[in-house]
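Colleague: Next come the chains, spelled out residue by residue.
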Amino acid sequence: MALTRSGNANAFEELVRRNQATIFRIALRMLGDRRDAEDASQETFLQAWRALPRFRSQSAFSTWLYRIVTNRCLNLRRARRPSQALLWDQESEEPGPEEAAEARNQLLALREAILELTPEQRAVFVLRHLEGCAYEEIVEILGISLAAVKSRLHRARLELATVLGEWK
Amino acid sequence: MSEPRLPVELECGAVVADLLEQVAEGHAAELTSHQAGCPYCKLTLSRAADSWRAVEGLRTEPVQPPPQLLARVMQRTRTGLEDWQIELGGERGVTRVSRAVLTSLAFWTASAAPGVREVFGARPTGTDVQRAGPSRSRRERLLSPHNLRIELELSLHYGLNALVVAEEVRRAVIDQVWEVTGLELAGVELLIADVG
Numbered sequence: 009m010a011l012t013r014s015g016n017a018n019a020f021e022e023l024v025r026r027n028q029a030t031i032f033r034i035a036l037r038m039l040g041d042r043r044d045a046e047d048a049s050q051e052t053f054l055q056a057w058r059a060l061p062r063f064r065s066q067s068a069f070s071t072w073l074y075r076i077v078t079n080r081c082l083n084l085r086r087a088r089r090p091s092q093a094l095l096w097d098q099e100s101e102e103p104g105p106e107e108a109a110e111a112r113n114q115l116l117a118l119r120e121a122i123l124e125l126t127p128e129q130r131a132v133f134v135l136r137h138l139e140g141c142a143y144e145e146i147v148e149i150l151g152i153s154l155a156a157v158k159s160r161l162h163r164a165r166l167e168l169a170t171v172l173g174e175w176k
Numbered sequence: 137m138s139e140p141r142l143p144v145e146l147e148c149g150a151v152v153a154d155l156l157e158q159v160a161e162g163h164a165a166e167l168t169s170h171q172a173g174c175p176y177c178k179l180t181l182s183r184a185a186d187s188w189r190a191v192e193g194l195r196t197e198p199v200q201p202p203p204q205l206l207a208r209v210m211q212r213t214r215t216g217l218e219d220w221q222i223e224l225g226g227e228r229g230v231t232r233v234s235r236a237v238l239t240s241l242a243f244w245t246a247s248a249a250p251g252v253r254e255v256f257g258a259r260p261t262g263t264d265v266q267r268a269g270p271s272r273s274r275r276e277r278l279l280s281p282h283n284l285r286i287e288l289e290l291s292l293h294y295g296l297n298a299l300v301v302a303e304e305v306r307r308a309v310i311d312q313v314w315e316v317t318g319l320e321l322a323g324v325e326l327l328i329a330d331v332g
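Those protein sequence lines, which keep their order, are chains A and B.
Going from the first sequence to the numbering used here is simple: count from 1 and add 8.
Going from the second sequence to the numbering used here is simple: count from 1 and add 136.
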């Protein structure tokens, strides 16, 4: 980290290499579109490079990157409505038996439902249930209270369960 | 299309959102004494677990970053780095140092100074050399060796006199830059951003 702070681009390249998969995954799940996610990831790393003097080592570098990418995606999402969930494309669409087809349909329904959440609900859901962040880490990333994190998560889970479950 | 309505409470009085949270947080199998004997809770927990399987599927789905992402980030990073140089002079050819060299020198010298806990960043600044002829591109900017300054952002160990430590840092950086490059800094600007 100190090597990166000293302006060493090779050290920064190693940090990008280590974190690019996670940052891209968060952006993809927040935005639902690979091209937008790539742009957001690229801008996240460039912003991190420029803002390195403002990074404080009390928090993990990855947490700091999560904050930058989440805020970037939130701003993008607030600026426009989700176009269509089908944009959340993946290369790994393997054909399979009937159960696999059902699982794929559930996955598709889930992706659509996630994109229907408010950007704020989506952010906490992605960080908690898809990235496995601790509550305290989400508080730090989003700069909101623990109560707000829990409340948004509560709403998000109810919304998704309504779409995914058989409740009759 | 309207979605099937999710009940707020079960017939037994259990709150459905609490059961969802129990499943989502990975505690579906840890039944309370009430849940162990309650068919409503058991059925709802089972349905919630079924629906939550899709979340698990999404969580474990492999996502590969675009292969060109790293290269694009680094291309833009390195372009920003090489934005100027300083001529040191020389009788049998010109020697130049890049901004990166000065940044690195200032950073590591300040990091090793007594009383400094951590350096957050170093940024050399100066004035462009005015040259006759066609204007130079951004990558070819040349800075004057005069009026060269370095800005440092750092944190100090708690309880030390900030002015004393700052003067030590300033002197160390000025001396080290002079020793390595022969450049005389016009100043070292410090921002003490933290103590700890």
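Hints may be right or wrong, so weigh each one.
So the derived list for chain A, only partly shown, Cβ under 8 Å to chain B, looks like this [what the hints assert, rightly or not]:
#, residue
1, Gly-15
2, Ala-19
3, Phe-20
4, Arg-25
5, Gln-28
6, Phe-63
7, Leu-138
8, Thr-170
9, Leu-172
Hints listed in this document are in silico derivations from the structure and should not be mistaken for laboratory results.
The beta-carbon is built from N, C-alpha and C at its ideal position, and this holds for glycine as well.
Colleague: If a hint holds in the structure, say so; if it doesn't, say that too.
Modeller: Going through the hints against the structure:
{"no.": "1", "hint": "Gly-15", "verdict": "holds, 4 Å"}
{"no.": "2", "hint": "Ala-19", "verdict": "violated, 11 Å"}
{"no.": "3", "hint": "Phe-20", "verdict": "holds, 6 Å"}
{"no.": "4", "hint": "Arg-25", "verdict": "holds, 6 Å"}
{"no.": "5", "hint": "Gln-28", "verdict": "holds, 5 Å"}
{"no.": "6", "hint": "Phe-63", "verdict": "holds, 7 Å"}
{"no.": "7", "hint": "Leu-138", "verdict": "holds, 5 Å"}
{"no.": "8", "hint": "Thr-170", "verdict": "holds, 5 Å"}
{"no.": "9", "hint": "Leu-172", "verdict": "holds, 4 Å"}
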